[in-house]
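K.L.:
From first to last, the protein sequence lines stand for chains B and Z.
Quick note, in numbering that gives the first Met the number 0, the first sequence goes up one by one and the last residue is 360.
Quick note, in numbering that gives the first Met the number 0, the second sequence goes up one by one and the last residue is 395.
Hint data in this document are derived by calculation from the structure and do not stem from the laboratory.
Mixed in with the good hints, there may be bad ones.
[Said to hold, decoys possible] Once the Cα atoms are required to be at most 20 angstroms apart in a straight line, the calculated EDC-like pairs of lysine to aspartate or glutamate come out as:
hint, chain 1, residue 1, chain 2, residue 2
1, Z, K36, Z, E15
2, Z, K343, Z, D26
3, B, K357, Z, E260
4, B, K357, B, D216
5, B, K239, Z, E370
6, B, K357, Z, D256
7, B, K9, Z, E296
8, Z, K395, Z, D129
9, B, K357, Z, D269
10, Z, K340, Z, E260
11, B, K313, B, D329
12, B, K117, B, D39
13, Z, K385, Z, E370
14, Z, K385, Z, D170
15, Z, K109, Z, E96
16, B, K112, B, E158
17, Z, K40, Z, E114
18, B, K357, Z, D270
19, Z, K103, Z, D185
20, Z, K395, Z, D170
21, Z, K377, B, E243
22, B, K112, B, D102
23, B, K9, Z, E302
24, Z, K109, Z, E44
Predicted, not measured: the structure shown is a model, and the values here were computed from it.
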Amino acid sequence: MTLIDNPDQKDLADAVRKLVSARSPLSKVRAVALSDAPYDADVWRQVCSLGLPGLAIPEQYGGADGTWADLFVGLRELGAGLVQTPLLASSVLAAGALLAGDDEDAKSTWLPKIAEGKAIGALAISEEGDATWGAQPAGVTATDGTLSGTKVAVLGGAEADVLIVHASDGFYLVETDQPGVTVTREEVLDLTRSVATVTLDGASGRLLAGDAGAVLDRVIDLANVALAAEQSGAITTCIKITTEYANIRYSFGLPIGAYQGVKHKLADDYTEWCLVDASVRTAGEALTTGSSEVSVAAAAARVLASPAYTRAAKNMMLLHGGIGFTWEHDAHLFYRNAVAGNVLLGGPLFQQDRLADKLGV
Amino acid sequence: MPADEFRAKALAWLQEHATPFTAEAADRFAPTLDESKAFQKGLAEAGLAGITWPTEYGGQGLGEDELIAFNEVSADFLMPTGPFVIGLGMPAPTILELGTEEQKKRHIPKMLTGEEIWCQLFSEPNGGSDVASLQTTATRTETGSWLINGQKVWTSGAQFSDFGAILARTDPTVPRHAGITMFIVDMHHPGVTVRPLVVATGDAPFNEVYFDDVEVPADAVIGEVNAGWAAAVVMLRNERVTIGARGRARNNPLGFDTLREIASDVGTSDDPGVRRKLAMVYARETAAAAFGRVLHEGALSGEPIGARGSVGKLAGAEFGLWASDAAEEIVGQDIALLSGKSAKVAKMILAGPGSATAGGSNEIQRNIIAERVLGLPKDPGAADRKTPFNQLKLSK
Chain B
0 MTLIDNPDQK DLADAVRKLV SARSPLSKVR AVALSDAPYD ADVWRQVCSL GLPGLAIPEQ
60 YGGADGTWAD LFVGLRELGA GLVQTPLLAS SVLAAGALLA GDDEDAKSTW LPKIAEGKAI
120 GALAISEEGD ATWGAQPAGV TATDGTLSGT KVAVLGGAEA DVLIVHASDG FYLVETDQPG
180 VTVTREEVLD LTRSVATVTL DGASGRLLAG DAGAVLDRVI DLANVALAAE QSGAITTCIK
240 ITTEYANIRY SFGLPIGAYQ GVKHKLADDY TEWCLVDASV RTAGEALTTG SSEVSVAAAA
300 ARVLASPAYT RAAKNMMLLH GGIGFTWEHD AHLFYRNAVA GNVLLGGPLF QQDRLADKLG
360 V
Chain Z
0 MPADEFRAKA LAWLQEHATP FTAEAADRFA PTLDESKAFQ KGLAEAGLAG ITWPTEYGGQ
60 GLGEDELIAF NEVSADFLMP TGPFVIGLGM PAPTILELGT EEQKKRHIPK MLTGEEIWCQ
120 LFSEPNGGSD VASLQTTATR TETGSWLING QKVWTSGAQF SDFGAILART DPTVPRHAGI
180 TMFIVDMHHP GVTVRPLVVA TGDAPFNEVY FDDVEVPADA VIGEVNAGWA AAVVMLRNER
240 VTIGARGRAR NNPLGFDTLR EIASDVGTSD DPGVRRKLAM VYARETAAAA FGRVLHEGAL
300 SGEPIGARGS VGKLAGAEFG LWASDAAEEI VGQDIALLSG KSAKVAKMIL AGPGSATAGG
360 SNEIQRNIIA ERVLGLPKDP GAADRKTPFN QLKLSK
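All chains, please: the whole structure from these sequences, using the hints.
P.N.:
Laid out in structure tokens, this is it:
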């Protein structure tokens with residue numbers, strides 16, 4: 000194992016970068032953000048044609064049998080372009096939950112569709128008033144295979160064909176195309192992520208075989224590294240755009256990037272990114288080798304990535320001066336994405352507590 | 000695999016000759032200079048020194064895989080190699096890159112066996128991180144040798160060094176970067192005076208070194224006359240890697256292992272805020288070590304470390320400063336004591352600002368990262384790059 004991209008990963012990164020610049024530049028991201036659609040169907044088809052949705056899914060379930068680290072390379076490059084896709088929700092969270100359980104029927108029914116990008120899955124964990132992903136859920140209860148209750152902050156929920164719902168007695172598979180399931184796409188701070196509230200009222204669900212605690216633990220790890228990978232990519236774009244601007248914007252007779260007040264902020268952002276990138280790679284390696292340090296490495300990546308991204312995005316706005324605060328500039332797209340990314344999928348204090356727990360502190 | 004064989008060989012030797020790492024052993028570890036020299040000699044004889052360096056100069060001629068294997072294996076041992084870190088980390092690679100065949104043959108093998116201890120003589124009292132403002136002079140005599148006069152400071156290990164790599168100004172009439180030369184200087188020359196420099200911690204880890212008509216021969220020049228800045232850049236690059244890209248040191252007083260242990264001793268470890276701080280110490284410490292690995296593996300695959308060595312240096316220094324604040328919260332009131340288990344943490348807090356200055360201040364590292372990695376414009380302060388040195392305003 001190495002911590003740098005292997006040749007296949009380099010090729011994949013190049014391919015995704017090309018896709019992003021050709022099919023989903025920031026002007027397109029903005030257009031999608033202001034439309035009613037959570038993502039662009041054409042871009043998603045392109046992402047699927049690169050095989051990303053099935054990359055980390057085993058061959059027996061129709062996937063490409065790659066590693067999670069491979070998929071994180073793709074997420075990193077899509078994150079760098081803020082590209083709206085259901086990849087994280089479907090291929091990491093929903094597929095990860097299925098893979099972590101023991102339900103062969105559910106796996107063989109849904110994973111091939113998710114791998115192809117034909118079906119979209121989402122994972123419903125958070126409940127109103129609880130930003131942690133560790134609590135035993137009380138808001139969704141099951142009676143004779145029918146579920147009732149409400150889940151919030153469900154990433155990709157509005158576009159999902161199937162939901163994996165964390166209920167009081169385990170994880171349930173719930174198809175959205177049925178009465179009793181109401182999915183409301185929320186108006187959100189982050190214009191590039193689709194978040195939904197899911198209300199179940201006697202919806203029929205299938206209790207997934209397997210240890211729910213182990214599934215939850217695994218899914219948190221995957222969520223942490225995947226989000227950190229996206230954020231790592233996004234940080235590089237914040238730095239790139241701001242550096243370009245600092246080279247062409249003149250004040251007091253010099254490009255503003257010549258002044259230490261500007262260059263030191265960017266150097267700090269870059270240094271933080273180096274740490275984030277290294278920690279994402281460490282976590283990807285731990286997942287690939289099946290190391291016992293997976294949870295520690297995943298939480299460590301997340302507790303570094305989310306605040307580093309918020310800082311880089313904030314600096315992007317600040318160093319652009321007034322222009323960075325305008326609606327027309329892309330800085331706020333990143334800032335919104337950063338702030339939301341810090342609190343979604345288990346907030347910052349939950350992540351720090353989890354890391355402490357996993358370290359045995 | 001050869002790297003695995005090498006790893007096994009290194010492990011076997013270390014098990015026989017080095018002290019296994021434990022926190023208690025690390026606290027007691029205080030090798031004498033003679034013990035250090037004997038250890039380095041043994042290391043070289045066992046084929047474990049200069050692992051990637053050419054065999055004609057006493058190295059092993061092996062690859063980075065073997066070097067990584069050795070670094071991983073040796074992390075579990077306390078090695079008395081401190082006196083050789085500077086010489087092998089900075090002057091030696093510079094001589095290997097820029098030195099004459101004679102210089103390499105004469106010095107590198109002895110550096111590897113610990114027979115020659117080296118120091119690096121760059122910093123001056125009036126220069127700080129602006130190394131190119133140096134005022135020590137070397138003037139050519141009629142015989143072609145050079146006479147060195149001036150003062151250096153912050154010199155680690157000068158008190159026991161046999162040789163030093165020194166930067167001196169050889170032409171003051173050209174802009175400051177253009178008139179500098181790097182020399183090999185014999186530290187036993189009668190004109191060399193070494194005085195210990197006591198720092199904020201009360202220790203004297205550095206020295207002031209005075210040069211009073213110290214004569215060095217013409218063949219003591221490393222690289223070319225008046226091209227010493229290029230040699231300095233090579234050495235500073237190696238220095239940043241040596242200082243910055245260390246692995247996660249198990250006996251770092253500001254590291255996770257030590258702070259967790261002390262938190263448990265002083266009874267703060269159940270506090271939610273303390274637990275979160277400890278978690279962040281772990282995340283930052285391991286990320287810095289992992290970044291060192293990313294650089295290393297990148298270099299292996301043909302992506303030179305270059306100015307990214309400054310990132311490692313900055314990240315390491317910033318970790319020290321940040322972890323000092325974290326340690327105050329984690330340890331609590333005992334951090335005000337210089338006794339008991341937390342004393343080593345308190346001392347490290349005191350030493351933190353020094354580490355952030357050594358090898359170029361954090362501000363200088365940020366300039367390097369911004370200019371050479373990100374491609375931002377030169378600092379306006381670089382305007383004097385074109386002024387002849389003897390017309391510059393200098394600190395006195």
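K.L.:
Next, verify each hint and record whether it holds.
P.N.:
Verification of the supplied hints:
1. K36(Z) <-> E15(Z): holds, 17 angstroms
2. K343(Z) <-> D26(Z): holds, 9 angstroms
3. K357(B) <-> E260(Z): Roughly 16 angstroms between the alpha carbons, so the hint for K357(B) and E260(Z) holds.
4. K357(B) <-> D216(B): holds, 11 angstroms
5. K239(B) <-> E370(Z): holds, 13 angstroms
6. K357(B) <-> D256(Z): holds, 14 angstroms
7. K9(B) <-> E296(Z): Holds, because 15 angstroms separates the two Cα atoms, which is no more than 20 angstroms.
8. K395(Z) <-> D129(Z): It holds: about 14 angstroms lies between the C-alpha atoms, which stays within 20 angstroms.
9. K357(B) <-> D269(Z): holds, 15 angstroms
10. K340(Z) <-> E260(Z): holds, 9 angstroms
11. K313(B) <-> D329(B): holds, 12 angstroms
12. K117(B) <-> D39(B): holds, 14 angstroms
13. K385(Z) <-> E370(Z): holds, 18 angstroms
14. K385(Z) <-> D170(Z): holds, 14 angstroms
15. K109(Z) <-> E96(Z): Distance of about 17 angstroms is within 20 angstroms: holds.
16. K112(B) <-> E158(B): The given pair, whose Cα atoms are some 14 angstroms apart, holds under the 20 angstroms limit.
17. K40(Z) <-> E114(Z): holds, 8 angstroms
18. K357(B) <-> D270(Z): Answer holds: K357(B) to D270(Z) is near 16 angstroms, not above 20 angstroms.
19. K103(Z) <-> D185(Z): holds, 16 angstroms
20. K395(Z) <-> D170(Z): With Cα atoms ~19 angstroms apart, K395(Z) and D170(Z) stay inside 20 angstroms; holds.
21. K377(Z) <-> E243(B): With Cα atoms ~15 angstroms apart, K377(Z) and E243(B) stay inside 20 angstroms; holds.
22. K112(B) <-> D102(B): holds, 16 angstroms
23. K9(B) <-> E302(Z): holds, 14 angstroms
24. K109(Z) <-> E44(Z): The hint holds at about 12 angstroms.
In the structure shown, no violation is registered for any of the earlier numbered hints.
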